[in-house]
Amino acid sequence: MIYNIKSRNRMAVIILLMFATMILSACGNEHREEYYGDIHLYFVDNNQTNLVTMTYGIKSETISEQVKEVLEQMNKKSKKINYLPAIPDQVHVLSTNVTDKILYVDFDAGYLQMRIVEELLCRSAIVLTMSQLNGIDYVIFTVNQQPLTDASGNPRGSMKASDFVGESGSSINAYQEKKAVLYYANESGDGLVAEEYTGLYAQNTPVEKFIIERLMKSPSSHSLKSPLPSNLKLISVTTKDGICYVNFDSTFLEEALGVTPEVQLYSVVNSLVELPYVNKVQISINGETDRKFRDYVSLRDAFNRNLDLIE
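Last residue of the sequence shown: 607 in the working numbering, with the numbers rising by one and none dropped.
None of these hints come from the bench; they were simulated from the model. Just to be clear, a hint being listed does not mean it is correct.
[To be verified] Subject to a maximum C-alpha distance of 20 Å in a straight line, what follows is the list of computed SDA-like cross-link-like pairs (lysine to any residue): (1) Lys364 with Val394; (2) Lys576 with Arg601; (3) Lys456 with Thr445; (4) Lys372 with Ile398; (5) Lys364 with Gln441; (6) Lys475 with Thr535; (7) Lys576 with Leu553; (8) Lys513 with Gly487; (9) Lys475 with Lys364.
[To be verified] Ranges of calculated distance between the beta carbons of each label pair, as one might list FRET restraints: (10) Thr349 with Lys529: 30 to 38 Å; (11) Gln441 with Glu492: 17 to 25 Å; (12) Thr358 with Ser454: 38 to 46 Å; (13) Gly353 with Glu492: 28 to 36 Å; (14) Gly554 with Met350: 47 to 55 Å; (15) Gln344 with Tyr592: 44 to 52 Å; (16) Gln442 with Pro557: 36 to 44 Å; (17) Pro557 with Gly431: 23 to 31 Å; (18) Gly353 with Lys529: 37 to 45 Å; (19) Phe589 with Glu414: 22 to 30 Å; (20) Glu414 with Tyr592: 43 to 51 Å.
Glycine included, C-beta positions come from ideal geometry on N, C-alpha and C.
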C-alpha cells in the first residue's frame, strides 16, 4: 500500500514538471520574434560631418515592412551618445514603395530645408542602409511627389550604394562645404565667365578633382555652359610645388563642344589656379604631354592663368 502511494506521488510530480515545462515553452514562443538577418544602420556622428554605423537585426518579413522598420530605426537617436539620427526631426517620410527593386521614398518639404552637408549625409545614409535589404538595388527620392533635383535643377534620378563609396572602398566620410570659383563658357563659347559654386568636398579626395568634376556639369546660370564633355574621364590629378598635374583620357582632345579650344583649355587652367597653392597647370592625355590639344597648342609646357578670355 505504501509502495502504491509513493508511486502515485512520484507520477504526480513528473506530470507537474512536464506541465510546467510546456507552459514555459509556450511563454517563450509567445515572446520570441522572428529574425531576418543583420544590416548596418547608418547614423550621423556628433560633429555632423561623418556617417557611422551600428548593427541591427531585421524583424519584419516583407520588404515593405522592412523598409518602414528601418526608416523608423534611422529616425531614432542611437543608444550610442555620439550617433545622431540620419533623418532630422524636421524631415518626414510621406510614403514608400518598392517596385522592380527600386525603393521610392517621398518626403515632405522639410527635406529641402536641410543644409548641404546635412542633406548629403541623410541621402547617403538612407541609400547605403536600404541597399542592404534583399529586393532593393536602387533608391529614388521625391519631395511632395516631385523629383529631387541637384544644385543645377537636374533630377538626381536613381541612386545606388556605390554612388556613395569613395575610391578607397570606404563609405562616404568627412564631407564639408567648399566654395570654389569656376570658369564656364559663355553662351557663344568664345569667352569665360566666373561663377562661384558652393558644394561638398570630401576630405579624402583632392579639391582639384572636386573642381574639375563640377566643371563637367551644367552651371547654375542658364546663359553659361560647361566647356568640358560630360563623358570626359579624369584619370588623375595632383599638385606639387605649385604645379597642378591633370591627366585626362583622349576625350579631352577629340570632343567638340561648341566652344573654342582656348575656352575649353583655360576653363580648366583658370579654375584650378584659383586655388591659393596652384600657380600653373600641366595637362596630359593618358599620361603623355607630347600631344597637341585639338591641333591648337602643345601640351608639353605647364599653363599660366589667361585673363584675356574672362568677361
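Do the hints match the structure? See the list:
This hinted pair checks out: Lys364 and Val394 have alpha carbons roughly 11 Å apart, not beyond 20 Å. Distance check on the hinted pair: Lys576 and Arg601 sit about 7 Å apart at the alpha-carbon level, within 20 Å; holds. Of the supplied pair hints, the one linking Lys456 and Thr445 holds, its CA atoms being roughly 16 Å apart against a limit of 20 Å. A C-alpha spacing of about 24 Å is found between Lys372 and Ile398, which places the hinted pair above 20 Å, so the restraint is violated.
For the hint pairing Lys364 with Gln441, the CA-to-CA distance comes to about 18 Å; that is within 20 Å, so the pair holds. Straight-line distance between C-alpha atoms of Lys475 and Thr535 comes to about 19 Å, which keeps the hinted pair within the 20 Å bound. Using a Cα cut-off of 20 Å, the hinted pair Lys576 and Leu553 is violated, with the two alpha carbons roughly 24 Å apart. A hinted pair counts as satisfied when its Cα atoms are at most 20 Å apart, and Lys513 with Gly487 qualifies at roughly 18 Å.
Between Lys475 and Lys364 the CA atoms are separated by roughly 37 Å; this puts the pair beyond 20 Å, and the hint is violated. Restraint check, Thr349 to Lys529: a C-beta distance of roughly 31 Å satisfies the suggested window 30 to 38 Å. The supplied range of 17 to 25 Å is broken by Gln441 and Glu492, whose beta-carbon atoms lie about 32 Å from each other. The beta-carbon spacing between Thr358 and Ser454, approximately 22 Å, falls outside the hinted interval of 38 to 46 Å.
Remark: the range hint 28 to 36 Å for Gly353 to Glu492 is contradicted by a beta-carbon distance near 47 Å. Separated by about 51 Å at the C-beta atoms, Gly554 and Met350 satisfy the suggested range of 47 to 55 Å. Between Gln344 and Tyr592 the C-beta distance comes to about 47 Å, which sits within the given range of 44 to 52 Å. Restraint check, Gln442 to Pro557: a C-beta distance of roughly 40 Å satisfies the suggested window 36 to 44 Å.
As the Cβ distance of Pro557 to Gly431 is approximately 50 Å, the hint placing it in 23 to 31 Å is violated. For Gly353 and Lys529, the hinted distance range of 37 to 45 Å is satisfied, since their beta carbons lie about 42 Å from each other. For the pair Phe589 and Glu414, the supplied restraint of 22 to 30 Å is violated, since their beta-carbon distance comes to about 41 Å. Judged by the Cβ atoms, the range 43 to 51 Å given for Glu414 and Tyr592 holds: they are separated by roughly 44 Å.
Violated hints for the displayed structure, listed by number in ascending order: 4, 7, 9, 11, 12, 13, 17, 19.
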